[in-house]
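Could you put the whole structure together from the sequences, leaning on the hints where they help?
Sequence order for the protein chains is A and B. This note's numbering puts the first residue of the first sequence at 100, with every later residue one more than the last. This note's numbering puts the first residue of the second sequence at 120, with every later residue one more than the last.
Source of the hints: derived by calculation from the structure; they are not laboratory data. Among the hints, erroneous ones may be present.
As the list claims (entries may be wrong) - When the alpha-carbon atoms are kept at most 30 angstroms apart in a straight line, the in silico DSS-like pairs for lysine-lysine are as follows:
(1) B:Lys122 x B:Lys157
(2) B:Lys122 x B:Lys189
(3) B:Lys157 x A:Lys156
(4) A:Lys156 x B:Lys122
(5) B:Lys157 x B:Lys189
(6) B:Lys157 x B:Lys135
To be verified - Pairwise CB distance ranges, derived in the manner of DEER restraints:
(7) B:Asp148 x A:Arg207: 29 to 39 angstroms
(8) A:Ser164 x B:Thr199: 41 to 51 angstroms
(9) A:Arg116 x B:Gly181: 40 to 50 angstroms
(10) B:Thr139 x A:Gly139: 14 to 24 angstroms
(11) A:Ala106 x B:Gln121: 23 to 33 angstroms
(12) B:Pro159 x A:Ala106: 13 to 23 angstroms
(13) B:Val133 x A:Gly102: 33 to 43 angstroms
Ideal placement from N, C-alpha and C gives every residue a C-beta, glycine not left out.
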Amino acid sequence: TAGITQAPTSQILAAGRSMTLRCTQDMRHNAMYWYRQDLGLGLRLIHYSNTAGTTGKGEVPDGYSVSRANTDDFPLTLASAVPSQTSVYFCASSAQGLSEQYFGPGTRLTVT
Amino acid sequence: AQKVTQAQTEISVVEKEDVTLDCVYETRDTTYYLFWYKQPPSGELVFLIRRNSFDEQNEISGRYSWNFQKSTSSFNFTITASQVVDSAVYFCALSEPDTGRRALTFGSGTRLQVQP
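Listed below in structure tokens is the structure:
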């Protein structure tokens, strides 16, 4: 089974440009999450969605937006990228709140 | 606010040594969950264990064991007879209160290097 897929695997993006990171899960999990991983800081929550049609802000939401039109997909959009958004982005899902989360392979984004 | 502290930034051991990774957490909740994840050099995050706050029994899975002590707010992870394949970054994480966000608060990770 695929679990969670993310696209692209990596990307170099010019500052000021927009980009959407894609995330799809095939486990029919209700909850989905976006984290960013920076050296020495662990993973920090950007946005989350407890169920299709709802989203919420995490710890570091500024500069990012999400949507959850259906159960499987949870895209993350950077409207106008800045160099501080250079990071590795992980999408995750869980069956319900407080369950273990399963992570996608990550997207490495470099904003120049 | 919740917090997870992994004070050991990097640990290096020789194969077959035992190693313990420390995790200390802070939370005001009485009900919560603790997790450990492994991130090998390939970069993916692999779920290892979930423990709820009412279950203080130690857990053993093969060469892995976990020691949960509520009195000291610690959830330490021990690898017995370490192997090169154990080389990875290990993250401890804490569930957030069931108020809506339901995400995880991660520690900064401990990089384990197992030398042959």
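Verification of the hints:
no., hint, verdict
1, B:Lys122 x B:Lys157, "19 angstroms, holds"
2, B:Lys122 x B:Lys189, "15 angstroms, holds"
3, B:Lys157 x A:Lys156, "26 angstroms, holds"
4, A:Lys156 x B:Lys122, "18 angstroms, holds"
5, B:Lys157 x B:Lys189, "23 angstroms, holds"
6, B:Lys157 x B:Lys135, "19 angstroms, holds"
7, B:Asp148 x A:Arg207: 29 to 39 angstroms, "34 angstroms, holds"
8, A:Ser164 x B:Thr199: 41 to 51 angstroms, "46 angstroms, holds"
9, A:Arg116 x B:Gly181: 40 to 50 angstroms, "47 angstroms, holds"
10, B:Thr139 x A:Gly139: 14 to 24 angstroms, "21 angstroms, holds"
11, A:Ala106 x B:Gln121: 23 to 33 angstroms, "31 angstroms, holds"
12, B:Pro159 x A:Ala106: 13 to 23 angstroms, "21 angstroms, holds"
13, B:Val133 x A:Gly102: 33 to 43 angstroms, "34 angstroms, holds"
Hint check: no violations occur; every hint is consistent with the structure.
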